[in-house]
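Here are the chains, one letter per residue:
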Amino acid sequence: MTIIQPDCPQRRLACRALALPLMLAGVGAPLLPLAAQAAAPALERRVKAAFLYKFLGYAEFPPQSFADAATPLSIGVVGADDMAAELTRIATGRMVAGRTIAVRALREQDLEQPVHLLFVAGEDAARTARLLRASPAWLTVTECEGCLQHGSVINFTIVDERVRFDVSLDAAEKKNVKLSSRLLTVANRVQKGAS
Amino acid sequence: MSSFSLFARAGVALLSCACAAQAHAQPPEPAVPLADFSLEQLSDIVVSSVSRQDEPLGRAAASVYVIQGAEIARSGATTLPEALRLAPNLQVARIDTGAYAISARGFLSSLSNKLLVMIDGRSVYSPLFSGVFWEMQDVALEDVERIEVISGPGGTAWGTNAVNGVINIITRSAADTHGGYAAAHAGAAGKGASVRYGGQLDGGAHWRAYARGQDIDALDGDVARLGSGGLRRQQAGFRVDWDAEATDVTVSGDVHDGRQRARGVQTRTDTSGANLLGRIEHRIDARQSVRLQAWLDHSRRDQSGIGAQRLDTVDLEAQHLLRLDRHALTWGAGYRHSRDRIDNGPLLRFTPAHRSLRWSHLFVQDEVNLAQDVRASAGVRVEHNVYTGSEVLPSLRLAWDVDERAMLWAALSRTVRAPSRIDRDFYVIDPLRPDAFLVGGGLDAVAETARVAELGYRAQPTPALSWSATVFYTDFERLRTLERAADDQAPPATYVLASLGKGALRGVEVWANWQAARGWRLHAGAVLQDVDVGREPASRDNTGLSFLAGNDPRLTWSVRSAHDLGPRLRADLALRYVAGLPQAALPSYHELDARLAWQVHPDLEIALVGRNLLHPRHAEFGTAGSRQLIERTVFASAVLRF
Numbered sequence: 001m002t003i004i005q006p007d008c009p010q011r012r013l014a015c016r017a018l019a020l021p022l023m024l025a026g027v028g029a030p031l032l033p034l035a036a037q038a039a040a041p042a043l044e045r046r047v048k049a050a051f052l053y054k055f056l057g058y059a060e061f062p063p064q065s066f067a068d069a070a071t072p073l074s075i076g077v078v079g080a081d082d083m084a085a086e087l088t089r090i091a092t093g094r095m096v097a098g099r100t101i102a103v104r105a106l107r108e109q110d111l112e113q114p115v116h117l118l119f120v121a122g123e124d125a126a127r128t129a130r131l132l133r134a135s136p137a138w139l140t141v142t143e144c145e146g147c148l149q150h151g152s153v154i155n156f157t158i159v160d161e162r163v164r165f166d167v168s169l170d171a172a173e174k175k176n177v178k179l180s181s182r183l184l185t186v187a188n189r190v191q192k193g194a195s
Numbered sequence: 001m002s003s004f005s006l007f008a009r010a011g012v013a014l015l016s017c018a019c020a021a022q023a024h025a026q027p028p029e030p031a032v033p034l035a036d037f038s039l040e041q042l043s044d045i046v047v048s049s050v051s052r053q054d055e056p057l058g059r060a061a062a063s064v065y066v067i068q069g070a071e072i073a074r075s076g077a078t079t080l081p082e083a084l085r086l087a088p089n090l091q092v093a094r095i096d097t098g099a100y101a102i103s104a105r106g107f108l109s110s111l112s113n114k115l116l117v118m119i120d121g122r123s124v125y126s127p128l129f130s131g132v133f134w135e136m137q138d139v140a141l142e143d144v145e146r147i148e149v150i151s152g153p154g155g156t157a158w159g160t161n162a163v164n165g166v167i168n169i170i171t172r173s174a175a176d177t178h179g180g181y182a183a184a185h186a187g188a189a190g191k192g193a194s195v196r197y198g199g200q201l202d203g204g205a206h207w208r209a210y211a212r213g214q215d216i217d218a219l220d221g222d223v224a225r226l227g228s229g230g231l232r233r234q235q236a237g238f239r240v241d242w243d244a245e246a247t248d249v250t251v252s253g254d255v256h257d258g259r260q261r262a263r264g265v266q267t268r269t270d271t272s273g274a275n276l277l278g279r280i281e282h283r284i285d286a287r288q289s290v291r292l293q294a295w296l297d298h299s300r301r302d303q304s305g306i307g308a309q310r311l312d313t314v315d316l317e318a319q320h321l322l323r324l325d326r327h328a329l330t331w332g333a334g335y336r337h338s339r340d341r342i343d344n345g346p347l348l349r350f351t352p353a354h355r356s357l358r359w360s361h362l363f364v365q366d367e368v369n370l371a372q373d374v375r376a377s378a379g380v381r382v383e384h385n386v387y388t389g390s391e392v393l394p395s396l397r398l399a400w401d402v403d404e405r406a407m408l409w410a411a412l413s414r415t416v417r418a419p420s421r422i423d424r425d426f427y428v429i430d431p432l433r434p435d436a437f438l439v440g441g442g443l444d445a446v447a448e449t450a451r452v453a454e455l456g457y458r459a460q461p462t463p464a465l466s467w468s469a470t471v472f473y474t475d476f477e478r479l480r481t482l483e484r485a486a487d488d489q490a491p492p493a494t495y496v497l498a499s500l501g502k503g504a505l506r507g508v509e510v511w512a513n514w515q516a517a518r519g520w521r522l523h524a525g526a527v528l529q530d531v532d533v534g535r536e537p538a539s540r541d542n543t544g545l546s547f548l549a550g551n552d553p554r555l556t557w558s559v560r561s562a563h564d565l566g567p568r569l570r571a572d573l574a575l576r577y578v579a580g581l582p583q584a585a586l587p588s589y590h591e592l593d594a595r596l597a598w599q600v601h602p603d604l605e606i607a608l609v610g611r612n613l614l615h616p617r618h619a620e621f622g623t624a625g626s627r628q629l630i631e632r633t634v635f636a637s638a639v640l641r642f
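Each protein sequence line maps, in turn, to chains A and B. Start counting the first sequence at 1; every next residue gets the next number (my numbering). Start counting the second sequence at 1; every next residue gets the next number (my numbering).
In isolation and in its complexed conformation, chain A is listed as follows (with noise of 0.2 Å):
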């Protein structure tokens, strides 16, 4: 993991140079199945960021997640710096329901911090499971096989090379998110009752 340290623009700006190329070494490749299988995290990374942002549109918050009506719409990322800057970039001069974006990198001991939406990243569904059981965040987001059984309310899968997602009514009700009749014609899955 590159240590960013922000009190020095100059390395800052020649650890990303450094980190860039490798990070997307190969990408955008659709030639050659090695390039393309290195390519595909980018752009399934950005495809995920920009749902992400469409998700705070389509939920609906309780009222005493806002501290007032200039509190932002928070999003909270863990595991995953390249979508929270992603993320950063698309909340930039955009606002949802009236409200501004708020993007946070955490590490997984800043999980207490509260945030309306919470991104884990990874496919350890174990080590998700607990970072989601940390946070008190309201609507929850992961990319693990499962993750919709511990406590998720979306979860992102691949389906036919395309990035869909399934969503759990319960997990949103006991979250008290109501989310929109056309996110859930989207999704891939809705999952209710016992499922």
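Simulated from the structure, these hints should not be mistaken for laboratory data. Don't be surprised by glycine CBs; every beta carbon is placed ideally from N, CA and C. Please note that a few of the clues may not be correct.
Claimed, not checked - Label-pair distances were calculated between CB atoms; the ranges are: (1) B:G180 <-> A:T100: 24 to 32 Å; (2) B:D312 <-> A:Q149: 51 to 59 Å; (3) B:V386 <-> A:S180: 17 to 25 Å; (4) A:R133 <-> B:L316: 50 to 58 Å; (5) B:L569 <-> A:R133: 42 to 50 Å.
Unchecked claim - Using 25 Å as the maximum straight-line C-alpha spacing, the simulated SDA-like pairs for lysine to any residue come out as follows: (6) B:K191 <-> B:F635; (7) A:K192 <-> B:D248; (8) A:K192 <-> B:T247; (9) A:K192 <-> B:W242; (10) A:K178 <-> B:D202; (11) A:K178 <-> B:D36; (12) A:K192 <-> B:G204; (13) A:K178 <-> B:L201; (14) B:K191 <-> B:A469; (15) A:K178 <-> B:T247; (16) A:K178 <-> B:F37; (17) A:K178 <-> B:G199; (18) A:K192 <-> B:D202; (19) A:K178 <-> B:G179; (20) A:K178 <-> B:K191; (21) A:K174 <-> A:V190; (22) B:K191 <-> B:R535; (23) A:K178 <-> B:Q200; (24) A:K192 <-> B:E245; (25) A:K192 <-> B:A205; (26) A:K174 <-> A:G122; (27) A:K192 <-> B:F635; (28) B:K191 <-> B:Y473; (29) A:K192 <-> B:G203; (30) A:K192 <-> B:K191; (31) A:K175 <-> A:A80.
As the list claims (entries may be wrong) - Sample of chain A residues at the chain B side, in silico, Cβ under 8 Å: (32) R46; (33) V47; (34) A50; (35) F51; (36) Y53; (37) I90; (38) R130; (39) R162; (40) R164.
Starting from the known structure of chain A, fit chain B onto it as the hints suggest.
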């Protein structure tokens, strides 16, 4: 220090520019920021080109160019043939209002007969002449996921019509087209509108339905009053997709209706048709899957004073895919039955006027990993037709992954074009001797054969640059010729059709894509080819092989630029060159298409499109005196999603 800092910043800017470009290079290129996509659109972005069942096209040992749906939208094309101009390995020449000559690897003609065209697995070629009536083919371009254009033989996989190429038009699953879409365009040369709506049923099935209509204005001929009439057509259709655990079911259908008005010497043409297709794909386990497909097609084409044809086709196909350790084995069988009924006109005749045509085939293909980086694919297809019995179409392909960024491939194939109605049953009455024929059928016509060798290289030397080059050689035998008939020909005729032509085709296809900067993509492609046709010693063709009808430009090239001028403004330019056609001395031409689009709102886009901007009018095909002139046009379009 400050100069170092400047240098560092410039370097970083360049790097991040290149990196951003890499991120953008993945198709489909987002025309708007991803965050402005609808939920449905986001759900529709293919994030990996590695497919489960179909061989990823990037690995295919063949010359394949894929036109992405997003490319079609950005080109401003309003008809299918115009969209096909995006493929560098196709020659597209507009003949008149709705008719096109389209071919890959030579033999460009209004009767181009060596190219197979499929829409969602349904062949749209006419068994009347093994070609496509392009004016009858309309597709909801907004719902096209991609068009795979394979230049070169595809006979083993696709059958006896895929001699020089295959065009495979694939529309999106109904699961990917939820919501509403409405588009309209209008300008000096025509207008059109289309609307689509899709959603999900209670049982989980996804559906969409669409309707579209188009008016294409008449063209002027190079000789006054010899123009071609305006074309008007309507089409509507639906698609239902149901994905269960291990089974995917697709049902789709279309109805269409069109007419081209009479003008000059051209008489009025009425066309109509309907089709219905069903497909089931079932994954038996991790190693096996089966695919069953059936379709029905009815079409009618009535050219007043020339003749009318009604055609009904039913097609059944089954395929089984089995993956073993190093092998991927596909085998299958199919059966097609066509029944046509022709109302012959005063001069042109198809005899018999009713005919049932049947094709059946068996095929097997195995792809095997010979070594870690070497793959071979061998296959054979045996296809039976009513004219020449069984034809054998084998192919052998080898691919070598030179490194993870480059692939070298080679292929040897033998492929066949089985005779169609026009090769055997076509008669032209001699206007001077009503009891005799000018063309008296082709009882001796047999299948044309082609033996093809190809060598190709594809590489992506940097993440932002990819290119492909293919050299090919084809040896043709038994090409169709128009022979002087024997004196004792019964019934008396001046000419008969036979198979005494031969030919050789050699050439090279190259294309490249370069993401020059974030939001700026360049594409270039070129085909250089030489088609050399001749006669067997026994041939008595004294028509200059006119019925071989190849009229091919030696060189075509195109350059395109897709530029995002800002978050909401996009500019597209496409310049193409087509060398002169040898027969009828059609001059070469350059033409430029341009499109400027403004994303007013995430759900609304308006655009201004100019086509053929360099000249007031130009001709693309035909002999002097009967050529149609294609005019410079400008039109406006709007797209609304709801």
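Do the hints match the structure? See the list:
1. Evaluation of the 24 to 32 Å hint for G180 of chain B and T100 of chain A yields a pass: the beta carbon distance comes to about 30 Å.
2. Separation of D312 of chain B from Q149 of chain A is about 53 Å and conforms to the stated range, judged on CB atoms against 51 to 59 Å.
3. At roughly 59 Å, the beta carbons of V386 of chain B and S180 of chain A sit outside the given window of 17 to 25 Å.
4. As the Cβ distance of R133 of chain A to L316 of chain B is approximately 55 Å, the hint placing it in 50 to 58 Å holds.
5. A hinted range of 42 to 50 Å holds for the C-beta pair L569 of chain B and R133 of chain A, which are about 47 Å apart.
6. Restraint check for K191 of chain B and F635 of chain B: the C-alpha separation of about 8 Å stays at or below 25 Å, so the hint holds.
7. Our distance criterion of 25 Å between C-alpha atoms is met by K192 of chain A and D248 of chain B, whose separation comes to about 24 Å.
8. A threshold of 25 Å between alpha carbons decides the hint, and for K192 of chain A with T247 of chain B the separation of about 23 Å falls inside it, so the pair holds.
9. Distance restraint check for K192 of chain A and W242 of chain B: the Cα-Cα separation of roughly 21 Å lies within the 25 Å cut-off, and the hinted pair is therefore satisfied.
10. With a C-alpha separation of about 21 Å, the suggested pairing of K178 of chain A with D202 of chain B holds against the 25 Å cut-off.
11. Of the supplied pair hints, the one linking K178 of chain A and D36 of chain B holds, its CA atoms being roughly 22 Å apart against a limit of 25 Å.
12. For the hint pairing K192 of chain A with G204 of chain B, the CA-to-CA distance comes to about 15 Å; that is within 25 Å, so the pair holds.
13. A hinted pair counts as satisfied when its Cα atoms are at most 25 Å apart, and K178 of chain A with L201 of chain B qualifies at roughly 23 Å.
14. As the CA atoms of K191 of chain B and A469 of chain B are separated by approximately 38 Å, the hinted pair breaks the 25 Å bound.
15. Distance hint between K178 of chain A and T247 of chain B is unfulfilled; the C-alpha atoms sit about 33 Å from each other, more than 25 Å.
16. A distance of roughly 22 Å separates the Cα atoms of K178 of chain A and F37 of chain B; the hinted pair therefore holds under the 25 Å criterion.
17. Restraint check: the Cα-Cα separation between K178 of chain A and G199 of chain B comes to about 22 Å, which is no more than 25 Å; the hinted pair holds.
18. A hinted pair counts as satisfied when its Cα atoms are at most 25 Å apart, and K192 of chain A with D202 of chain B qualifies at roughly 15 Å.
19. A C-alpha spacing of about 22 Å is found between K178 of chain A and G179 of chain B, which places the hinted pair at or below 25 Å, so the restraint holds.
20. For the hint linking K178 of chain A to K191 of chain B, the alpha-carbon distance of about 45 Å lies beyond 25 Å, and the restraint is violated.
21. This hinted pair checks out: K174 of chain A and V190 of chain A have alpha carbons roughly 15 Å apart, not beyond 25 Å.
22. Proposed proximity of K191 of chain B and R535 of chain B is contradicted: the alpha carbons are some 46 Å apart, above 25 Å.
23. The suggested pairing of K178 of chain A with Q200 of chain B holds, with an alpha-carbon distance near 21 Å, which does not exceed 25 Å.
24. Proximity of K192 of chain A to E245 of chain B is assessed by CA-CA distance (about 19 Å); at most 25 Å being required, the pair is judged to hold.
25. For the hint linking K192 of chain A to A205 of chain B, the alpha-carbon distance of about 19 Å falls within 25 Å, and the restraint holds.
26. For a cut-off of 25 Å, the pair hint linking K174 of chain A to G122 of chain A stands: about 24 Å separates their Cα positions.
27. At most 25 Å may separate the alpha-carbon atoms for a hinted pair to count; K192 of chain A and F635 of chain B exceed this at roughly 50 Å.
28. Straight-line distance between C-alpha atoms of K191 of chain B and Y473 of chain B comes to about 42 Å, which puts the hinted pair past the 25 Å bound.
29. The suggested pairing of K192 of chain A with G203 of chain B holds, with an alpha-carbon distance near 16 Å, which does not exceed 25 Å.
30. Taking the CA atoms of K192 of chain A and K191 of chain B, the gap is about 48 Å. The hint is violated against a cut of 25 Å.
31. Only pairs whose Cα atoms come within 25 Å are accepted, and K175 of chain A paired with A80 of chain A is accepted, the gap being roughly 24 Å.
32. Evaluation of the R46 of chain A hint against chain B yields a held restraint, the C-beta minimum of about 6 Å falling below 8 Å.
33. This hint holds: V47 of chain A has a C-beta 5 Å from the nearest C-beta of chain B, less than the 8 Å allowed.
34. Satisfaction of the interface hint for A50 of chain A is found here, the shortest Cβ-Cβ separation to chain B being roughly 4 Å, below the 8 Å cut-off.
35. Hint status for F51 of chain A: holds, given a least beta-carbon distance of 6 Å to chain B, under 8 Å.
36. The interface hint given for Y53 of chain A holds, since its Cβ lies 5 Å from the closest Cβ of chain B, which is under the 8 Å cut-off.
37. At about 4 Å, the closest approach between the beta carbon of I90 of chain A and any beta carbon in chain B falls short of 8 Å, and the interface hint on this residue holds.
38. At about 27 Å, the closest approach between the beta carbon of R130 of chain A and any beta carbon in chain B exceeds 8 Å, and the interface hint on this residue is violated.
39. Look at R162 of chain A: its Cβ gets to within about 6 Å of chain B, closer than 8 Å, so that hint holds up.
40. The beta carbon of R164 of chain A is positioned within 8 Å of a beta carbon in chain B (closest approach about 6 Å), and the interface hint is therefore held.
In the structure shown, a violation is registered for the earlier hints numbered 3, 14, 15, 20, 22, 27, 28, 30, 38, in ascending order.
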